[in-house]
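Number of protein chains: 2
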Amino acid sequence: MAMRNYKQFLFLLVAAVSVGLISIVFVLQWVLYFKEGLAWDGGLAEFNWHPVLIVTGFIFIQGIAIVVYRLPWTWKCSKLMMKFIHAGLNILAFVFAAVSLVAVFDFHNGADIPNMYSLHSWVGLACVLLYSLQIIMGLCVYLLPITPGALRGAFMPIHVYSGLFIFSTVIATALMGITEKLIFGLKNPKYKDSPPEAVLVNVLGLLITAFGGLILWISTRPSWKRPSEQLLSRAGAGSGSPKGSVILSVSPTTDRDNPGANSNTSKRN
Amino acid sequence: MAMRNYKQFLFLLVAAVSVGLISIVFVLQWVLYFKEGLAWDGGLAEFNWHPVLIVTGFIFIQGIAIVVYRLPWTWKCSKLMMKFIHAGLNILAFVFAAVSLVAVFDFHNGADIPNMYSLHSWVGLACVLLYSLQIIMGLCVYLLPITPGALRGAFMPIHVYSGLFIFSTVIATALMGITEKLIFGLKNPKYKDSPPEAVLVNVLGLLITAFGGLILWISTRPSWKRPSEQLLSRAGAGSGSPKGSVILSVSPTTDRDNPGANSNTSKRN
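Same order as they appear, the protein sequences are chains S and Y.
Note that the UniProt record's numbering has the first sequence beginning at 1, numbered continuously upward.
Note that the UniProt record's numbering has the second sequence beginning at 1, numbered continuously upward.
Please note that the accuracy of each hint is not assured.
It does not matter which identical chain is used: a pair holds within one copy or between any two.
[What the hints assert, rightly or not] Pairs of lysine-lysine residues, derived as DSBU-like cross-links and limited to a Cα-Cα distance of at most 35 Å, are as follows:
1. K79 x K192
2. K7 x K76
3. K7 x K35
4. K35 x K79
5. K76 x K181
6. K7 x K187
7. K83 x K7
8. K76 x K187
9. K35 x K187
10. K83 x K190
11. K79 x K181
12. K7 x K190
13. K192 x K83
14. K192 x K76
15. K192 x K35
16. K76 x K35
17. K83 x K35
18. K190 x K79
19. K181 x K35
Hint data in this document are derived by calculation from the structure and do not stem from the laboratory.
Kindly generate the complete structure, drawing on both the sequences and the hints.
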């Protein structure tokens, strides 16, 4: 089964993954080259796990988890397997976020810096709590076999919206974190003198914003949704060739888990 | 013509407007009670116009501009008039943002603080430039009478996405701005000592995040879209009573300006 505007999808996906991976390189460059490196010693090198784990897990892995249903080469996999992958990636991202919080609290307690005073910490903790709630609700509604299909359908708009809202707010929180750390961490020269570290980390902020923008675009195009299960089985699960295969357009659906999915078909040309 | 889940819509709209207005009260409380007040003197009181104009214009007015087509009591107004209101509110928000930038540059130049070194300034300037581009493109595509209908339809997903992306990024930028200003502005007690000003402004950050979340929810519910013009004229422009009138459900549309709008109807009960 082929996707509409497949080349455009592929281009944007490659762009998103590239920008995400470059962000990880930038955050590693920051802590390994400009800062104290990485260690679990209660000091600044332990703090440095915080940005590394947030960019790698809470931003990059969460972003991939959001778009994983949309990869057309996964459409031959069962819906249940894709749910496990989606849930697994989100749980992995949550573990990264949780460990990154431990690193900050450890560092603050060792350096006698108060916890939870800044807007960054308030919004960030809210994100982690909402994310854990999102994962628990997702598991109960979409992986517990006893949950009625009507509830799954009714909850889907909330699940999708919450996921994208939390993801966006995580990125906003990271931008606040970058701002804090560059102000507190740069003393001579200061942030306002624009030393190379400041420029590198500002660019990191632009990169994660661009990553967020790409993931949000990919995940909100109706024509790139995973088709309904009925349609996939009708079209033949093994058909991967774009030529002469069925393409998709937007319409209401009957797939109980995926109320916005595409369900009508038209022959290409 | 009545809207689906009209009470829920009304509740969320009232919540959004209330949270937005409370944000404006909070930012005024901040600059008038805790800071130097408002003046156009090249000093800190001039800087204070920056957060006031951003929260009032670039956040609140832009948010209202985004949802203005969705107010069901405007569905009896012509599409052209609604376009003028949407464009007018966005241009007003742009003027607020532009004046707020002048206030910051004036203050920086007077106090010998460099311009454009922080991530806040980079992302913020990008928002203002993208917003001006968004307004120019919107005027050319949707208000120039010579623009072909096919182009209007094809550009709509980009126009909607860019609008919501810029709006979200403005809020992220405001959160960075709050972080900067609380770190630089609070000296004794410091930000980390959580004085009342810090708590007030952190809460302001939560309020504008909630405002953003409400506007994004309202503006992305397919069933709350302004119906297509054909449907509105068929249903009779004067029918404002919910009882026995036509209600809307999601489906593809033929309205050239509004490719995702609702166009099929069903009798209520």
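Going down the list of hints, with the structure as the test:
1. K79 x K192: Neither. Shortest intra-copy (51 Å) and inter-copy (48 Å) distances fail the 35 Å Cα cut-off.
2. K7 x K76: For K7 and K76, only the intra-copy Cα distance (19 Å) is at most 35 Å; the inter-copy one is 42 Å.
3. K7 x K35: neither (40 Å within a copy, 54 Å between copies)
4. K35 x K79: neither (44 Å within a copy, 56 Å between copies)
5. K76 x K181: Neither. Shortest intra-copy (45 Å) and inter-copy (52 Å) distances fail the 35 Å Cα cut-off.
6. K7 x K187: neither (47 Å within a copy, 54 Å between copies)
7. K83 x K7: both (25 Å within a copy, 34 Å between copies)
8. K76 x K187: Neither: 55 Å inside a copy, 60 Å across copies.
9. K35 x K187: Both: 13 Å inside a copy, 26 Å across copies.
10. K83 x K190: neither (47 Å within a copy, 47 Å between copies)
11. K79 x K181: neither (42 Å within a copy, 48 Å between copies)
12. K7 x K190: Answer is neither: 45 Å inside a copy and 53 Å across each miss the 35 Å cutoff.
13. K192 x K83: So K192 and K83 fail the 35 Å test inside a copy (46 Å) and across (42 Å) alike.
14. K192 x K76: For K192 and K76, the Cα distance exceeds 35 Å both inside one copy (53 Å) and across copies (53 Å).
15. K192 x K35: Result: close both inside a copy and across copies, 18 Å intra and 22 Å inter.
16. K76 x K35: neither (45 Å within a copy, 60 Å between copies)
17. K83 x K35: neither (39 Å within a copy, 51 Å between copies)
18. K190 x K79: The answer is neither: 52 Å in one copy and 52 Å across copies each exceed 35 Å.
19. K181 x K35: both (11 Å within a copy, 25 Å between copies)
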